[in-house]
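Participant: So the chains spell out like this:
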Amino acid sequence: MGKILEVKNLKKYFPAKKSFFGRAQEYVKAVDGVDFHIDYGEVLGLVGESGCGKSTTGRTVLRLLDPTEGTILFEGQDITHFNKKQLKSVYKHMQLIFQDPFASLNPRKTIGATLEEVFLVHGMKDRAERRERARELLEMVGLRERDMDKYPHEFSGGQRQRVVIARALAVNPKLVICDEPVSALDVSIQAQIINLMMDLRERLGLAYLFISHDLRVVRYVSDRVAVMYLGKIVEIAPVEELFQNPAHPYSKALLSVVPALKPGNRRERLVLKGEVPNPVNPPSGCRFRTRCKYATRKCSEIEPEIKPVGNGHFVRCHLYNSA
Amino acid sequence: MIIRQHSSGEASIGNEWVGKTELETVEEKRKNLLGQSVKKLFKHKGAVIGTVIILAFIFTAIFAPWLTSYDYDKPNSAAVLKAPCREHIFGTDEFGRDIFTRIVYGARISLKVAFVAVVISLIIGTVLGAIAGYYGGVVDYIISSITDIAWAFPTSLLAIAFIATLGPGLQNVIIAIALASWAGYCRVVRAQFLSIKQREFIEAARVLGMSDARIIFRHILPNSLTPIVVMATLELPKAIVVEASLSFLGLGAQPPQPSWGAILDSGKGLIGQAPWVSFFPGLMIMLVVLGFNLFGDALRDVLDPNS
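Protein chains in written order, with my numbering: chain P, 1 to 323; chain H, 1 to 307.
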């Protein structure tokens with residue numbers, strides 16, 4: 001299977017402080033050199049603390065934000081500098097699901113109108129046909145035809161998220177960027193939405209970039225997982241390999257806080273000391289060294305490269321350089 | 001609010017992981033938001049009084065010729081400066097014209113000028129505010145600077161300045177009021193756009209390939225209407241006052257046109273011997289402005305989601 005999405009050295013800086021003449025002097029390096037790819041039909045989980053640049057990565061890949069540097073290849077096409085018109089054709093194959101189902105639907109439009117509008121924008125002229133397609137979509141996500149004339153405020157969070165998924169699927173995408181799609185929902189509803197997403201993936205052959213801070217959910221849905229820290233991917237591996245064998249000291253700490261499934265199978269809980277450094281001025285060398293108990297002088301001088309350690313596992317850490 | 005539990009097993013896919021019930025909060029059917037607002041509005045005392053005054057004002061303006069048997073512009077030397085009596089309930093002016101008749105026809109002028117001026121300034125302000133708020137950057141900087149300059153001048157002063165260049169007359173009064181009062185709408189609309197364009201459903205619209213025009217007019221504007229409507233309601237009485245002031249100064253309605261400001265002006269010198277000439281147009285201006293303000297304030301309270 002080929003790659004549906006490939007991201008190379010992606011950077012997104014936000015101006016943080018401006019000089020008197022409006023020239024930016026300092027930048028928040030939200031995403032600072034990120035590389036990854038997603039295969040057709042694959043789910044890549046992207047995890048990390050809040051503020052590490054996960055969501056910015058997702059939005060930049062969609063070109064909702066313009067990248068500062070780097071290349072985004074979608075189905076082999078370089079979309080990094082596509083204009084609006086060109087992006088419209090890309091968006092037929094790449095969609096977005098948001099975290100907050102309360103903010104992601106237009107409160108003044110009925111569910112039916114919201115879905116029909118997508119078909120209208122993409123050139124479906126016949127009104128009856130649009131309505132029929134909207135009805136099919138709602139059925140696909142487990143809502144009923146009579147829900148079409150309701151407004152978003154008449155639905156619960158879980159139902160709204162179903163509508164958001166239906167809207168994303170209206171264009172027949174191959175890749176869906178999911179930005180914390182279930183974090184705003186109750187746990188019982190989370191399970192339903194996740195199962196719906198997995199079911200749709202199987203039926204429609206979707207690939208997901210699944211951005212989340214919830215490690216249990218990521219473990220359940222992903223094929224591979226990338227761990228992000230302060231704007232960089234520090235480790236990327238197949239899901240079970242990562243959860244059984246985390247290599248990077250940050251991943252180890254992150255995964256140690258996931259509650260064990262079997263009692264008695266408890267791992268030692270590693271608690272990180274200190275705060276996440278300011279992304280305006282990340283530490284020299286390895287970004288994690290300020291909170292890493294294995295840090296050596298080398299870590300503050302040379303930034304580690306991301307290196308393979310076998311089993312499709314890649315780590316950005318000097319401890320594994322010899323492997 | 002009813003909280004009910006219902007089985008959605010047959011309708012939704014993939015919910016076998018956790019139980020088969022979905023806890024749903026079903027809000028009371030509130031499809032007709034507009035109807036609800038109207039209901040709330042009529043529980044508001046001020047709104048009812050305001051509505052009655054506004055309706056009476058509009059009714060007067062429309063049916064002016066049927067409300068009186070006199071002409072507003074024909075002098076009558078037999079009835080000069082008559083105090084209010086049975087034939088002339090508001091009295092007559094120095095040419096013997098019936099004040100009531102002139103006020104009734106004056107309502108037409110007030111309503112027309114205020115309404116047209118508010119609509120024009122609303123369009124100017126909304127378009128500029130939408131462009132500034134949506135596109136941001138240099139465009140926003142330029143538009144906001146112009147708005148701040150326009151905002152710095154009192155409306156009537158700016159309107160007088162425009163009249164000075166355009167010349168007197170009611171049509172120019174409309175243009176002057178419109179050009180002098182769009183800045184408020186511009187600011188409100190810009191602020192609305194700045195906050196709404198951050199919302200996720202706008203990002204979704206962009207990712208679904210919608211054009212800027214569609215996003216502005218179909219997604220952002222309908223969600224920013226509330227403050228615009230309230231503002232327009234409160235701008236109407238201001239426009240009425242500015243029109244009356246300009247006519248009072250002789251810059252607006254020209255004789256024998258019966259603008260309330262002009263009638264007030266004609267009675268100015270006779271205030272000792274015939275106070276009714278100035279009193280009734282003044283009272284009308286006050287009543288109508290009060291009516292619009294009561295209604296506008298109530299509308300703001302009702303439409304404010306925080307109330």
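These are computed hints drawn from the structure, not numbers from a lab.
Careful: at least some of the hints might be erroneous.
What the hints assert, rightly or not - Not the full set, but computed from the structure, chain H residues with beta-carbon under 7 Å of chain P: (1) Tyr70; (2) Asp71; (3) Pro75; (4) Arg199; (5) Glu203; (6) Leu208; (7) Met210; (8) Ala213; (9) Leu221; (10) Asn223.
Stated by the list, open to error - Residues of chain P placed beyond 12 Å of chain H at every Cβ, according to the derived structure: (11) Lys92; (12) Asp100; (13) Glu117; (14) Glu132; (15) Ile177; (16) Asp179; (17) Val258; (18) Arg269; (19) Thr296.
What the hints assert, rightly or not - Some chain P residues close to chain H (C-beta under 10 Å, calculated; not the full set): (20) Ile79; (21) Thr80; (22) Ser89; (23) Val90; (24) Gln95; (25) Ser104; (26) Gly112; (27) Thr114; (28) His122; (29) Met124; (30) Arg127; (31) Met148; (32) Pro152.
Since we're looking at a predicted model, the values are computed, not measured.
We treat Cβ as the ideally placed atom computed from N, Cα and C, and that holds for glycine.
Participant: For every hint, state whether the structure bears it out.
Facilitator: Going down the list of hints, with the structure as the test:
1. Checking tyrosine 70 of chain H against chain P: minimum C-beta separation of about 50 Å lies over 7 Å; hint violated.
2. The interface hint given for aspartate 71 of chain H is broken, as the beta carbon of that residue sits about 50 Å from the closest beta carbon of chain P, more than 7 Å.
3. At a threshold of 7 Å, the smallest CB-CB gap from proline 75 of chain H to chain P is about 56 Å, leaving the interface hint violated.
4. A distance limit of 7 Å between C-beta atoms decides the matter here; for arginine 199 of chain H the minimum to chain P is near 5 Å, and the interface restraint holds.
5. Taking 7 Å as the C-beta contact cut-off toward chain P, the hint placing glutamate 203 of chain H at the interface holds, the least distance being around 6 Å.
6. With a cut of 7 Å, the hint placing leucine 208 of chain H at the interface with chain P holds, because the nearest CB-to-CB distance is about 5 Å.
7. The beta carbon of methionine 210 of chain H comes within 5 Å of a beta carbon in chain P, closer than 7 Å, and the hint placing it at the interface holds.
8. Interface hint status for alanine 213 of chain H: violated, as the beta-carbon distance to the closest one in chain P is roughly 12 Å, over 7 Å.
9. Restraint check, leucine 221 of chain H versus chain P: the minimum CB separation of about 10 Å is more than 7 Å; hint violated.
10. Hint status for asparagine 223 of chain H: holds, given a least beta-carbon distance of 6 Å to chain P, under 7 Å.
11. With a minimum CB-CB distance of about 7 Å to chain H, lysine 92 of chain P fails to clear the 12 Å threshold, and the non-interface call is violated.
12. For aspartate 100 of chain P, the non-interface assignment is contradicted: its Cβ lies about 6 Å from the closest Cβ of chain H, within the 12 Å cut-off.
13. A Cβ of chain H approaches the Cβ of glutamate 117 of chain P within 12 Å, the least distance being about 8 Å, so the stated non-interface status is violated.
14. Every CB of chain H is more than 12 Å from the CB of glutamate 132 of chain P (nearest about 19 Å), matching its label as outside the interface.
15. In this structure isoleucine 177 of chain P is not separated from chain H by more than 12 Å, as the shortest Cβ-Cβ distance comes to only about 9 Å.
16. For aspartate 179 of chain P, the non-interface assignment is contradicted: its Cβ lies about 9 Å from the closest Cβ of chain H, within the 12 Å cut-off.
17. The beta carbon of valine 258 of chain P sits about 18 Å from the closest Cβ of chain H, which is more than 12 Å, so the claim that it is off the interface holds.
18. For arginine 269 of chain P, the condition that its CB be more than 12 Å from all CB atoms of chain H holds, with the nearest at approximately 27 Å.
19. No Cβ of chain H comes within 12 Å of the Cβ of threonine 296 of chain P; the nearest lies about 43 Å off, and the non-interface call holds.
20. A least Cβ separation of about 13 Å between isoleucine 79 of chain P and chain H goes past the 10 Å threshold, and the interface hint is therefore violated.
21. Taking 10 Å as the C-beta contact cut-off toward chain H, the hint placing threonine 80 of chain P at the interface is violated, the least distance being around 17 Å.
22. The beta carbon of serine 89 of chain P comes within 8 Å of a beta carbon in chain H, closer than 10 Å, and the hint placing it at the interface holds.
23. For the restraint placing valine 90 of chain P at the interface with chain H, the shortest Cβ-Cβ distance is roughly 9 Å, inside the 10 Å limit, so the hint holds.
24. Taking 10 Å as the C-beta cut-off, the interface hint given for glutamine 95 of chain P holds, the closest approach to chain H being about 6 Å.
25. Restraint check, serine 104 of chain P versus chain H: the minimum CB separation of about 4 Å is within 10 Å; hint holds.
26. Interface restraint check for glycine 112 of chain P: the shortest CB-CB distance to chain H comes to about 13 Å, outside 10 Å, so the restraint is violated.
27. Look at threonine 114 of chain P: its Cβ gets to within about 9 Å of chain H, closer than 10 Å, so that hint holds up.
28. A distance limit of 10 Å between C-beta atoms decides the matter here; for histidine 122 of chain P the minimum to chain H is near 7 Å, and the interface restraint holds.
29. With its C-beta approaching chain H no nearer than about 13 Å, methionine 124 of chain P sits outside the 10 Å limit, and its interface hint is violated.
30. Here the hint on arginine 127 of chain P is broken, as its CB sits about 16 Å from the closest CB of chain H, past 10 Å.
31. For methionine 148 of chain P, the shortest C-beta to C-beta distance to chain H is roughly 13 Å, which exceeds 10 Å, and the interface hint is violated.
32. With a cut of 10 Å, the hint placing proline 152 of chain P at the interface with chain H holds, because the nearest CB-to-CB distance is about 9 Å.
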